[in-house]
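Chemist: For reference, the chains in residue letters:
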Amino acid sequence: MSSGLKTVLFAALAVLGFFVPMALGGSGAIYAACVLIAIFAVMSYGLDIIVSDLGEVSLAHTVFFAVGAYTTALLSASAGLGPILSLAGSILVALAVAALLGLVTLQLREFVFSLVTYAVAVVAATIAQNWSFLGGSDGLRGIPLFEISLLGFSARNDQELWPVAYLLLVVAIYMVSSFRRSKLGKAAMMVHLNQRLAVTSGVDPQRTRLQVFLLSAPITASAGWLYAYQRAYISADVLEAYFLILMLTAVVVMGRRLLLGPLAGVALILVQEKFFSFGGYVDKIILGSVLIVTLAFLPNGIVGLFAPLRSLFPRRTMPLGKTIPERS
Amino acid sequence: MNLTQQLINGIVLGHAYALIAIGWTVLLGVARLVNFGHGQMYMLGAFVTWYGISRLGLPYILAIPLAMLIGVVVGYIMQRVLLQLTLKQDLVSIMIVTLGFGYVLHGAAALFFGSTGQILSTPLSMQDIYWGDLWFTYQDIAIVVVTILFFAALKYIIDRTRLGRLARMVAEDPQLAELAGINVKRVYLGVFAFEGAAVALAAALVAPRTPILTSMGFEEVIITFVVVVLGGIGSVLGSYLAGLALGLFVAFFGAFVSPAYAMAAAFAVLIAVLVIRPGGLAVSPGGR
Chain H
-15 MSSGLKTVLF AALAVLGFFV PMALGGSGAI YAACVLIAIF AVMSYGLDII
35 VSDLGEVSLA HTVFFAVGAY TTALLSASAG LGPILSLAGS ILVALAVAAL
85 LGLVTLQLRE FVFSLVTYAV AVVAATIAQN WSFLGGSDGL RGIPLFEISL
135 LGFSARNDQE LWPVAYLLLV VAIYMVSSFR RSKLGKAAMM VHLNQRLAVT
185 SGVDPQRTRL QVFLLSAPIT ASAGWLYAYQ RAYISADVLE AYFLILMLTA
235 VVVMGRRLLL GPLAGVALIL VQEKFFSFGG YVDKIILGSV LIVTLAFLPN
285 GIVGLFAPLR SLFPRRTMPL GKTIPERS
Chain L
2 MNLTQQLING IVLGHAYALI AIGWTVLLGV ARLVNFGHGQ MYMLGAFVTW
52 YGISRLGLPY ILAIPLAMLI GVVVGYIMQR VLLQLTLKQD LVSIMIVTLG
102 FGYVLHGAAA LFFGSTGQIL STPLSMQDIY WGDLWFTYQD IAIVVVTILF
152 FAALKYIIDR TRLGRLARMV AEDPQLAELA GINVKRVYLG VFAFEGAAVA
202 LAAALVAPRT PILTSMGFEE VIITFVVVVL GGIGSVLGSY LAGLALGLFV
252 AFFGAFVSPA YAMAAAFAVL IAVLVIRPGG LAVSPGGR
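In order, the protein sequence lines correspond to chains H and L.
The letter at position 114 of the first sequence is residue 98 when you use this note's numbering, and the numbering goes up by one with no holes.
The letter at position 92 of the second sequence is residue 93 when you use this note's numbering, and the numbering goes up by one with no holes.
This is chain H alone, in the form it adopts within the complex:
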């Protein structure tokens, strides 16, 4: 497929996606589910580029989500700022936290990296529960409506919040897709697959890691930003294991490095939880089991299951490098 055609197709898909909740009946529950799916998918895309491209597992992404949510709650409820400024604030704080965490963990790899990021998440949860500045165990209440007076836009319910959530989702997907085509994305892949080759090709692995980290954190934090408005209050439960497991499952369940994988993963999980729920505890068991089964038995995700079908549709293999002109 030529890249021009691909762009047109993606644009068409992006426009069509907006009407999904309407096509499904447009009830309040549908809009609520769709807004949450969009928010959690954005949250997962932040983690996706760390797991799929950089090849490390950050367990501290719930912290970035919480940073976005708490910053928004503080800026909007206490300081009275609007959504655009609170988004800017969330991104700035997330960048600062990511820079700090990135620098501290720069030397660490694989499981020690994950261990430290997990510990950061657990400690962040105890701090959020105990620090009165963040509302302690009661959390922060009184987050105002999502209102941009400049545009005369205000969202009183999930249906009215949907355009914002969908826009955020499209922007996040666009960012991930441009990242994968960018120099940084290629460098990250090289560091992931062959660090020695990366170093000899002039790629600085630690710099690359830090840059990818700094790109990833604001994406997850912007999901926290919208989540604060959607829920109207924020408490330490944004740091619960649920969000971590949700993100990880969404990233791996469909198959790694699929552009729409995390979105489909989140959609699958949330549809089960919202419309086919067996109660909170059984849902926990289901979500955890999906994660276990995917990683232990389906290394290429659900999409990988259908890989053998692909051979039924023979395709022209893409030429490597320059195309050789055909001889007549």
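Note that these hints are calculated values from the structure, not bench results.
Using N, Cα and C, we set each Cβ at its ideal position, and we do this for glycine too.
One or more hints might be untrue.
[Stated by the list, open to error] Chain H regions said to be covered by chain L (calculated; three or more residues, Cβ under 8 Å): (1) 46 to 59; (2) 94 to 101; (3) 105 to 114.
[Claimed, not checked] Short derived list, chain H residues pointing at chain L, Cβ under 10 Å: (4) Leu87; (5) Gly263; (6) Asp267; (7) Ile276; (8) Val277.
Once you have looked at the hints, place chain L on chain H.
Modeler: Here is chain L on its own, set in the frame of chain H:
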């Protein structure tokens, strides 16, 4: 005499921490495996002990082996599922899968035991000892004694017995061990079953000190990280000393600064160590 009381608290806590972490220490040192479901396995051990005593009417001394047996079963099942990943040494996937197991255990425990908090009281935890103005319980003494015995036995097994040599060989070079006719899979399964039993034992002894909830387990994981990393990953003796140091630190920090932030502070120490000395984290094969 507040200082002496804190010293006693610190020593008891320290032995508790060392015992909580020992399963992970062996897992890492002997098999180079990780288990992020460790905290939830601790929770399960505590609840099985509680269930054994208060619902089945077992004496405490029989509830402990029951909890350990369940721990062995859970550890075995986990490793059974993980086996392919273990043989590939895919640590990243192992990590996430064990995290998933922890989540499933939490859901299952809440379903079975209910989500309300319980008090696990044992015959030992009910008996206080007053010594001048110092206070502790028989449970505290049991924790210290069992930990010391457990560590001594483990050190002996790893260093001096055939079983220990086998496990160390598998850790050093799984392929070579396989060639030498060792059933590597069995060693991995055994090590994970040991991890399950060890953490259940720790839970049965330590959990009576605080109320138990099915949502607990995260603090125990942090404790374990700190002990394992500070002790020099995989070192049995190192873990014991690191556990003791952490216990004293938490007791004094909790008494003089703030009990709510004691874990956060302990973790800050861990970060400092990691930043200053990242090379000191190399896994010493064989877990000695």
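Chemist: For which of the previously enumerated hints does the structure constitute a violation, in increasing order of number?
Modeler: 1
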